[in-house]
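> Given the coordinates of chain A, work out where chains B and C should sit on it, guided by the hints.
Chains as they are written, first to last, in our numbering: chain A, 84 to 404; chain B, 20 to 362; chain C, 49 to 357.
No wet-lab data here; the hints were simulated from the structure.
Don't take each hint at face value.
[What the hints assert, rightly or not] Anything over 10 Å on all C-beta distances counts as not near chain B; from chain A, calculated: (1) 196; (2) 197; (3) 251; (4) 375; (5) 386.
[Said to hold, decoys possible] Derived DSS-like pairs (lysine-lysine); straight-line CA-CA distance at most 30 Å: (6) B:273 to A:207; (7) B:273 to A:203; (8) B:273 to A:189; (9) A:142 to B:273.
Note that CB positions come from ideal geometry on N, CA and C, so glycine has one too.
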Amino acid sequence: MALLEFDDVSVTYRSRGADIPAVRGVTLSVNAGESLGLAGESGCGKTTLTSTVLRMQPKSAKVTGEIRLNGDNILDMTWGQVRALRWAEASIVFQGAMHALNPVQKIGDQLSEPILLHSKVSKKDADRRVGELLEMVGLPARRAEAYPHQLSGGQKQRVMIAMALACGPQLIIADEPTTALDVMVQAQVLNVLQGLVKELNVGMVFISHDLSVLSSTCDRIAVMYAGKIIEQGPAADVFDHPQHPYAGALAGAFPRIGDTRYRYSPSGLPGDPPFPGDLPSGCTFHPRCPVAVDRCSTTEPHLVKHASHETACLLVGSEIA
Amino acid sequence: MALLTETPARTPSSAAGGWSNPSVRYAIKRTGAALSTFIFVLIFNFFLFRILPGDPVALYTRGRNVDPESIRALEAKLHRPIGQQFLEYVKNPFTGNGPSVKYNASVWEVIAPALWPTLLLVGTATLIATIVGVWLGIRSGWSRGERFDVVSTNTTLVLYSMPEFWFGMIMLIVFAVGIGPIPGMFPTGGLSDPGVNTSTPAGWLNVAWHLFLPVTTLAVIYLAEYSLIMRASIIEERGQDYVQTARAKGLMDKMVRREHAVPNALLPTMTLVFLNLGFVVGGAITIEYVYSIHGLGSLTVDALQGPDVPLLQALFLLFSGAVIFANLVADLLYGYFDPRVRT
Amino acid sequence: MTMTQPAIDDPNAASLGARDVVKARRKASRQRFAASFRQNRSGMLGLTMLLTFIAVAIAAFFIPASSLDVTQVTADPFLPPSLQWPLGTDDSGRSVLLLVAKGAQISLLVGFAATMLSMFIGTSVGIVSGHYRGMTGGVLDRFTDWFLVIPYLPLAIVLATVLGRSLLNIIIVIGVTSWPGTARLIRAQTMSVTARPYLERSKALGAGNLHQMWKHVLPNVMPLVLANTTLAVSISILSETTLSFLGLGDPTAISWGSILEQGFSAGAISQGAWWYLAAPGICVVLTVLAFNLIGRAFEDILDPRQETA
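One chain only, chain A, in its complex shape:
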């Protein structure tokens, strides 16, 4: 049984009388000790999808399908059960740690808060655990006395990671944890996350728009576009041999030095990602696709197994035009 399973999950917002599908029929799974990279541009639904794991989606959003954590459907749980599992079984490292910490509370208090909430330990024990957590991410234990504004961006991000670990969850969702950081710190933070998966047997969902980062950090990658998974498979395969034209463009946007393939293939895509309330017909990618054919505007492709991974493209796999 997988640690986390999305089973045909759809999330629809209701805004000004219109239904906006942010996530459309996603099926994914993550096992313990495994890291799944979730790639895609802004607005493709990655954050919305993962917010459902802790039932953090906005009140106006309707969720269908099943989201199972250790076999239990989160959507069926009572609020009390949801609050109990928040942080204790699954936690999130939020995007933009700059403002995700309470500016008037000490770091140590913010770290010990979930510990004291979810387990019956004394304040002293909680403080000791906070010290351990800080050291785990490479910060001295006395930083617990500091306030968020006294830390640098990289340090704040590491505090967020430490916080996500506080209650020893089985699943961690890291939402663009390195986007706002400079390259050197990015490398350090990625090392931390990779180490966690291996040493603590934690399951991780790593969200990023940077495919190259995902390819070197994760076991598997799933690429999302307009609320759907359009390609998924082993990380290296998806990055080195993308099948879907969008995945190819995404991979090409972050070239590796010496990559001759990049030098000869066009990079960048025209246009913007579609607004979820106004999706194109057929394959939602067809207006921007460099290799689209007529059929692409009328028929919506499904995920089909081809070679080592699955792709949703009419031109790939058994549905060759």
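Relative to the frame of chain A, chains B and C by itself:
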């Protein structure tokens, strides 16, 4: 088990003491600003009545019969070199302008007994208004858009649009005089019934009964503003990322509000509330007038009818000084409570 | 080598095009704004109330002077509301309804005029102090802060006493005591506008300070100025009412505040003549509320906060 090596970090600078302590620097800066404002007020107060064209003596004696001897003395006084007058003024702002024209006593003698009634009235009203207003603002802001919020916001908007003295008069008519079937239950003015010894518990009760209507009037008007400010503040905090983090940690809604949103929301609210202290002073003046309470406000209204210039100037200085001081206290408190300033 | 490039040589051609584009853009955004306002229920309610009072003030021009002359009225004083006297009579027998209608004129006039003055001073000081960061800006900012701290009513009382009682003076007093709040706000907005790149481009093109402030900063600060103005009018009306009530207004003018002063001094409270005090007061409340609602509607449109779960 360290997965990362430590990179050099900023040490919290509150560890340093003395002049380099940002807390101390902030306190000094704010005190300096308050002093400079007060000096500005002193100068402004002094020159205001003398830079106008025309005879300053006429201003002092407008609409009154003053005997020629006093006029001559006044003239002699006011026609001295401005520099000399200013120095005398600075030496003692309360007497440097001469005695109160109306009461024929030194200005300070007139003001001193009026201090306590005003403090009692304004202090009580502000205390109640702050407690109720902040609570109301938090409740309505946190449940924004729901019934409680809609009702309370609309009510406070209407209260906020009301002249406080008018509300006071209506209260008087309804509760003190009585209209239709409702009998008058409260006194129509004054701080206590004549002849009552206000230092006994029975006396206190009498004072409280007299103060009930004016304090309620002021408190209701003040709390409308405080509640609107607090509401806006809480709404702002509610949308912040750290609130989302708190929710994700599994905290109950009430805890998220109490432990995270409210402490952050109180800071700008505190600042805005103190910034609007002038509003509190204005209310005191008109309500004391309507309810015939012999405090500083009543004195001001008396003084402007003369006009009793020395008294008016002294009162202006007193009011301004009080507000400046209160603002300074607010700044210092803010510096203490906001860790971003303290460290 | 001669080449004719008429389009580029003609200086008017290019600038005409640019100006037209700007005009069209501004017109479109004004229309969008009006459409959004129409959808705002409380804003429309405020606008309706305001227009009603303006209509009353205009209608008041038709009140014969004899009806408001204490020497010419024939009714008994302190009559409660009835069919003949819908809002009762005052202490001299004048119809309170007519008094209140007449009072609308001065109350609204002073409210608007004082606000114009205060906005003019406040916006100028705000833009200048926000634009000139150095010495000038710093001094102006200090000056604004000083003024801001001084409590409003004592200052207004002192000024009104010194200047004397007249309509013009009351407008001046209110205008001069309320500009700091606006200046502060405009200054903050100016500083954020100044930080935007297009102003740097304009500077690079050689635009002088005045040009920048007039053509670039002002239009961008205008929406906030608009929202602030409506709120400022509500404060001005409250101020005029208070000052008139304390006896500092024009003794010959009838305003809602002066009616209240008259009623209070004539002992309406002890007489139980609630209509005498309720009518002008309710007018003040409704008018001020109208401006507050409109102002809040403007703020909502210009700076909408999305409802988050």
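> So, against the hints stated earlier in the document, which numbers end up violated here?
Hint check: 1 and 2 fail, others pass.
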